[in-house]
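J.: Spelled out, the chains give:
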Amino acid sequence: MMFLSIRQLMARKKQSLLILLGITIGTAAYVSISGMMLGFQSYMMEQLVNNESHVRISAREEILTAKDMASYPEAAHVFWQIAPSGRKDSTRIEYPLGWFKKMDADKDVVAYSPQVIAQVIFTHNKITKVGRVIGSQYDRQLKVTNIENYMKSGSFKDMGYSGNRLIIGTKLMELLGTRLQETIFVSNGSELPQSFKVVGSFETGIKSIDEGTSFISLTDGQKLRGTPSEITDIAVKLFDPDLASDKASSWKKSSRDKILSWQESSAAILSVFKTQDIVRNSMTISIILVAGFGIYNILSILVNQKQRDVAILRSMGFSPKDIVQLFFNQGMLLGILGGAIGLLLGFIICLIMSRIEVVPGRMSGPGNRMIISFSLYIYIKAFSIAFITAIVSSIIPARAGGKLEPMEIIRSGGQ
Amino acid sequence: MIEVKNIVKIFPNTPVPVLKGINLKIEDGDFISLVGKSGSGKSTLLYIISTLDHPSGGEVFYDTKNLNTFSREEIYRLRNHNIGFVFQFHYLLTELTAIENILLPARKANEVEKRRSFAMEILKTVGLESKEHRYPGELSGGEQQRLAIARALVMDPKYIFADEPTGNLDSANGKIIMDLFKKVNQEKGTTIIYVTHDNDFAALAKKKVVLLDGKLV
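Sequences listed follow chains A and B, in order. Here the first sequence is numbered in the working numbering, starting from 8 and rising by one per residue. Here the second sequence is numbered in the working numbering, starting from 2 and rising by one per residue.
With the rest of the complex left out, here is chain A (with noise of 0.2 Å):
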């Protein structure tokens, strides 16, 4: 039936044509719009993902409340006026080695990194800007996060196990107004400045890291806060990022310092990727739903017009599946060329997009250029939606066709 199909299709070019071009306009419009958005959005997981860390494990932070003070036996003849409130917060994690050893002996953490982080303010010259300093040593810094792929000058390896050197954010350096090898100051508040010399500069294109963020070693970051061999950090990295929610709500069972996947940090950009999937779903299958009104439009006037082409084709012996067969063909070859040309178009408009230059170190992938997804996901999705559509809206009007019975024609005179 298939000749049969493409020459039915054929005879009607200029309608064929308008439902191709929906089915193609509806494939290349998921195509570009997927590939644009889940680029930024790989873009963004990556930087959320690798270059933090998938669980971080600080020092803990308790609100107090009228509840905390319950434990006490004199707590029962205490009325309060007013309740006790406020943080009860702690400066380091308490039991560093209990972590590290529960960290060595899990096989889905791939490496940790223990750090210092501090709120300090950086002083060049007469130019003071606020900012935090991580301490970490590098090599373990290196295996949680790759830091590396996003230094602009030096190697993350130049800051060493200690020596007051710092790997500064390319951002932070020029509202500095400082360059490599140049020395600037750091200081917590509390204690007194100290000289660090610029090794190294990064750029993760994230504006509140390059503006405010730099890497010193681990002792010296302790020297810095004032507290030799205490750590406020711990980064974690595993074997599957998506585990990283399971991993922190059992960590938080045995533990009371404060523990939080990526997922828990990011939620707020995870629920934008969520709104914006939902957006470019629900926009690409208007566009396809109209698409398949159009198949099942077209067709359900075509069964109507060829009435009479199905009395004779049943009288020569063809079967109700061979006349279901005719009409679902038409359908099926409108969701197949369709899908297939806006598969093409689509990965067309990704090609220029991606060759769309964008402002330097926001959003941009090498060479400034836009971010673009090609994963085939999108491509077997795209095709998926345009031809299960084509096939569903072919189905009813086919069926009807296959319905008809040719004596029911031949007495109404056929048409």
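To be clear, the hints were calculated from the coordinates, so they are not data collected in a lab. Idealized CB from N, CA, C, for every residue including glycine. Each statement offered as a hint is correct.
A short list of chain B residues far from chain A (calculated; beta carbon distances all over 10 Å):
1) N67
2) G142
3) E144
4) D180
5) K183
6) A203
7) K209
Straight-line alpha carbon distances no greater than 30 Å define the calculated DSSO-like cross-link-like pairs of lysine-lysine that follow:
8) B:K132 <-> A:K21
9) A:K159 <-> A:K230
10) B:K159 <-> B:K176
11) A:K114 <-> A:K259
12) A:K254 <-> A:K114
13) A:K133 <-> A:K204
14) A:K259 <-> A:K150
15) B:K209 <-> B:K26
16) A:K410 <-> B:K159
17) A:K159 <-> A:K133
18) A:K328 <-> B:K66
19) B:K159 <-> A:K328
20) A:K410 <-> A:K21
21) A:K214 <-> A:K136
22) A:K328 <-> B:K115
23) B:K115 <-> B:K132
24) A:K164 <-> A:K109
25) B:K159 <-> B:K207
26) B:K66 <-> A:K410
27) B:K132 <-> A:K20
28) B:K209 <-> B:K66
From the derived model, a few chain B residues whose C-beta atoms are all more than 12 Å from chain A:
29) G22
30) K26
31) G30
32) F119
33) M121
34) K125
35) G128
36) E130
37) D171
38) A173
39) D201
Given chain A's structure and the hints, the job is docking chain B onto it.
T.: Using the frame of chain A, we list chain B on its own:
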């Protein structure tokens, strides 16, 4: 051979049966005209004999085999290989050329290439050999009906059923069609049963079956 036994046909919401116990024997090679006034049931009888319609009562036998015992697939195969239809309106597929229309039944049987040269021969027989690539819309009414006959002949069927094949044609074209039927009947031995209103065309048949108010006269 086709045998029709006690065929009754009642249409829903119609109090009087259209056919009232028809018995008829059609021998191989017969050339039969079915005649009668409008509403006498001749077309209904033709379609019941040709498997397109179902009787309300009675039986139709093809070579002693009762049609009621045929499976659907057997019926489709019987239509495809053993029966050719010609209707009052040509019922050609407008998207296909003359030769493609003729080869449609062969397409169902997956015999397009096998039947192509035979189809060309038939085209020649019906006088359309120079118009094999023309579309139905580019042919005259007479040519269209001859093309429909060519299509009915392509599988070299044992039976041809024609429902007023000349009803839409002028007398000259009508004569050409009837001459074609005669030729096919004489040369190939094809059994031809046709319904007509025209007494002259009815007289060309070897056997004339007259229906009156649903009964054979």
